[in-house]
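Using the hints, put the two chains back together into the complex; each one sits in its own frame.
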Amino acid sequence: MGGKEKWASRVGLVLAMAGNAVGLGNFLRFPAQAVNNGGGAFLIPYFVALLVMGIPLMWVEWSMGRYGGQRGHHSTPGIFQSFSKNPFWKYFGAMGLWSCLIIAAFYLYIESWCLAYAGYSAFNGFSGMLPDGVKAFFYDMTGERTNEIFAIGPWGMLIFAICVLINIFILSKGLARGIELVAKIGMPLLIIFAGLLAIRGLFINPETDTKAVTSSWEGLNFVWQPKFDRLGDAEVWLAAAGQIFFTLSIGMGSIHCYASYLAENDDIALTGATSAWTNEFCEVILGGTILIPIAVAYLGLEAVKGQGGFQLGFFVFPTLFENWGALAPVAGFMWFGLLFFAAITSSLAMGQPIMAFFQQEFGMTRPKSALALALLLLPLAIMVAITNSGAFFDEFDYWAGTVMLVVFALGEAILFAWVFGMNKAWDEMNKGAELRIPKIYFFILKYVTPTFLIVILSAYAFKPEEGWTKLFKGETTFAWSGDGMIGKILHKDIEAKIDVQKVAMQKAADMTDGAERQKEVAKAEQTIEFLGTLKTVRNIDRLVMLGVFGLLCLLIAMAWRKRRLEGRE
Amino acid sequence: MDKMTTEALVFMLSVWALVISATMYSFYRLLTSKRQIGGSDDERE
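Listed in order, the protein sequences are those of chains A and B. Residues 519 to 1087 (the numbering used here) make up the first sequence, in order. Residues 23 to 67 (the numbering used here) make up the second sequence, in order.
No wet-lab data here; the hints were simulated from the structure. Among these hints, one or two may not hold up.
[Claimed, not checked] Restricting the straight-line Cα-Cα distance to at most 30 Å, the calculated cross-link-like pairs of lysine-lysine (DSS-like) are:
hint : chain 1 : residue 1 : chain 2 : residue 2
1    : A       : K691      : A       : K886
2    : A       : K691      : A       : K745
3    : B       : K56       : A       : K745
4    : B       : K56       : A       : K524
5    : B       : K25       : A       : K823
6    : A       : K729      : B       : K25
7    : A       : K524      : A       : K1080
[What the hints assert, rightly or not] So, partial list: chain B residues that the calculated Cβ filter (under 7 Å) puts toward chain A:
hint : residue
8    : K25
9    : M26
10   : A30
11   : V32
12   : F33
13   : M34
14   : V37
15   : W38
16   : A39
17   : T45
18   : S48
19   : R51
20   : L52
21   : S55
22   : I59
23   : G60
Please read all numbers here as calculations on a predicted model, not as lab measurements. Glycine included, every Cβ here is placed at the ideal spot set by N, Cα and C.
Bound-form chain B, shown alone (with noise of 0.2 Å):
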């Protein structure tokens, strides 16, 4: 970790939050939610 400037770190870091906060936000809304999805039209088998 030394080997990275202090900008690059803070940069890194703050991108990496918001990119797994974001992803996990949406992850749990949809786990936790209680609907399910639908269908549509004919399947031709």
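Just chain A, same shape as in the assembly (with noise of 0.2 Å):
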């Protein structure tokens, strides 16, 4: 059991946290984003967001994860008991464990369809296709299948397959082998992919390429034209705030874990903020200088509009390529290999915290806790594939990948700047640092990131229906919104189609030709039907995800008792 547990290099971990960052949303989100709330305007409430909540809520992460480092923990349970003796703290860190279980269950599904994408690009299976054939690929290869729960695709359960085992045996090499050393490998690849893509991209243009309908430039400038009018709109900025939560992968426990591998004085500020800044290069600059400049180029304007970052990436971008020519394969396996390192070197962050626990507190060795891990991960992996994305996925998604990083997040900035106390914390993250925090951050950590939180808590557990802006104005009544917490709970969204579908069956009931009417209204039914169902599967998802957040207390509450027995509490 000797040896120690560290990173091999700054830089490495550097690059492992701004991996842990670095995710698909940086690529295929933020563009879709941008340009759906306001173009340029849209990085005037990101860069706020960024820095009240977002530096802030990195630092604080970055700080409990050294201090609880310190004092032998590496997760957040452990972390947050160091910070106060209520037993609550430990199990309101239980959801820093639950948050990334839950969120690696479909996140490592997304990676498998990189790594199939990437692989299939590189022996140029994408040629000739158009985008209804690879999206008939996708389905073929995820196994759905409009109206029916199940949804079983064997080459694409044997794809999540490797890619899980690929994830648990990196993690299974430790730290400085096994994460680090992937991160030093990917995260160049990526930049460098992105990189080549972007440049290539902006050279699109109708005198030299006959495939393109416009320049590039277009497509960058629907990106970028700033459309002021839409800051006085609260869905503008708390898509922006919700952005920014995404990105730096704050509110899952992730970043405590890496930085429990820090000594006391070991810088924190600097380090933090290169790995953040890095992320804002791979998002701000790369991620929107790919997507939508290269779809408009051959689609047009028009064409784009309204798709969303998935749809493009991985339904149309293959077909894209096609117009490189003897680059196409090339340039698709850049693309869906540079999402695959996005998107590993984020899942692997979301592996180590359960893996340390374990192995923290039930002494288990790295192999072992990596099949415990395993053990955990499957069950609600499968459940994920085998289902319809509406059911495991989407919840999954909703309730860990969403609205418990805000939870959480609020969690831990009460905890560290009101329960542990602002001067204790301030002391603890100018410890060693190489970069002087501005003193302005004292003030902001201590009222202005809590509050930011609690609004956008709240915004996500009222929404309306219609939005808070017209709402604002008086243009609407409330009722819930399907996207809202309260209104999600009732299935408000589900209810929202089912509604359509019976306007469906009602226009249906006035045509004319029998045949025709007969084929609507059981098209109707059969998606009614369908809905009625789905609703069921996501009350028992919901009840999966309170069993497990339940039995990580248990785990939890068994781990203090053999801390008790042993002395070491």
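Spelled out as structure tokens, the structure:
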């Protein structure tokens, strides 16, 4: 049991932390968010959220991790407990393990799609395909069919299993020889691939490329044209704050875990800032220059408007690279390869806290803790892989990947700034700092960040159907939105879809053609039946998520009982 | 580049300048620093 688990180098740590932050959202979600929320003007609330919430919370998580690590804790239950004797905090810290586990269950699935697409692109598999063909390839891989709850795609499952095994294998190799090594290889490759695609993309022009309908700079203009009137829209500010959460991987427990392997006087201010700015470079510059500009150049602005980042990235992009001739397989491989590297460096960060928990609390070796992680993860991952994406996938994404990040961040901000005390917290943040943290952050961390988080959480919880802006302007009355927390609990999103089908049935009833009427009515009935089943599956899913949280709390209770018996507490 | 409005171009270049400067400054400080990182407790092999 000897030896020291530690990072091999500071650059390695920065790349691992940046790899944790840089994910699929940087390349698929950010550009779509920007064009839908005011273009260049979106960057104003985005940077405000980064400065008053993202960066301070990132420093909080680094500080908490380093502080907990000095007291022998590498996962959030123990790290949080080291800040307060109140047992509540270790159970609150369970959320850090829970989020990592639930998010990993669906994130690994997407990661496996990137792996499959990268391999298929490299062998020129998408040659001659239209977007519908790529879509068919995707649905064949995932096994998803309209109005069917179960979605089993045998070869998609095989690649998923391979992907899980790759992650478990890397994690079992340890911090320096596993995670750090992958980050040192993966992150530079990701940046090189993205840089090459972005530069090649900027040269697309109808004068030199007969397949292009316009210059890619028109797409860049679409991303960056500031629409300042959107700044008065509450939804734009919420979208920007949400993007900051996703992009920095805060509120999950993975930053705490990585930082817990630092020594007491290691710098966190500069190292943390470097990883955050590396992430911003990948998101704002690389992420903003690939997806939309290339898509606009070949499809035209109107065809791209309203399309989501995922649709463009997975269904349309493989066909667009065909226009690059002999470079098509290389470009496809680079695009999905960079997405794969972005995903794997993030998924490893989700696995490490859970493994650290088993190692620390139950004395497991690395291989054994990797096996324990696999045993916890597999049932959840299988549920995601064999059901319709509207079931486990969407629910896991919503509750663990969106809502709980904010809840967790609010809890840690309160624990650090108010329970531990802002003066002690400030000293902890500045210990060994190689970068002077501006004094204004004392005030921001104590008051602004928690307030910002409470506002975001309330906006999520009580989200109205027509959005906050219309409600504030008095243009609509209040009704729960299917995207809001309470609306989601009440299945308002599914009910809205059922209402649409009922209207379709009524319309079909007026049809004169009997056969057509019967067909439309049957289709609507089938969809309503599916949506009813989906509601039940989502309720089961919520019970599963509660069950997993309960199991983690039980493990924490057992671990602390063990600690007491061993005289470690 | 002629497909971009001046407003969008100025906005994009300003944001790029900010992000690249912050990233390069952070890396410059990090790579020129003589300090290395330490380690922590037991690894269970």
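Hints, one by one, checked against the model:
{"no.": "1", "hint": "A/K691 x A/K886", "result": "holds (12 Å)"}
{"no.": "2", "hint": "A/K691 x A/K745", "result": "violated (49 Å)"}
{"no.": "3", "hint": "B/K56 x A/K745", "result": "violated (45 Å)"}
{"no.": "4", "hint": "B/K56 x A/K524", "result": "holds (18 Å)"}
{"no.": "5", "hint": "B/K25 x A/K823", "result": "holds (17 Å)"}
{"no.": "6", "hint": "A/K729 x B/K25", "result": "holds (18 Å)"}
{"no.": "7", "hint": "A/K524 x A/K1080", "result": "holds (25 Å)"}
{"no.": "8", "hint": "K25", "result": "holds (4 Å)"}
{"no.": "9", "hint": "M26", "result": "holds (4 Å)"}
{"no.": "10", "hint": "A30", "result": "holds (4 Å)"}
{"no.": "11", "hint": "V32", "result": "violated (9 Å)"}
{"no.": "12", "hint": "F33", "result": "holds (4 Å)"}
{"no.": "13", "hint": "M34", "result": "holds (4 Å)"}
{"no.": "14", "hint": "V37", "result": "holds (5 Å)"}
{"no.": "15", "hint": "W38", "result": "holds (6 Å)"}
{"no.": "16", "hint": "A39", "result": "violated (10 Å)"}
{"no.": "17", "hint": "T45", "result": "holds (4 Å)"}
{"no.": "18", "hint": "S48", "result": "holds (4 Å)"}
{"no.": "19", "hint": "R51", "result": "holds (6 Å)"}
{"no.": "20", "hint": "L52", "result": "holds (5 Å)"}
{"no.": "21", "hint": "S55", "result": "holds (6 Å)"}
{"no.": "22", "hint": "I59", "result": "holds (5 Å)"}
{"no.": "23", "hint": "G60", "result": "holds (3 Å)"}
Consistency with the previously given hints fails for numbers 2, 3, 11, 16, ordered from lowest to highest.
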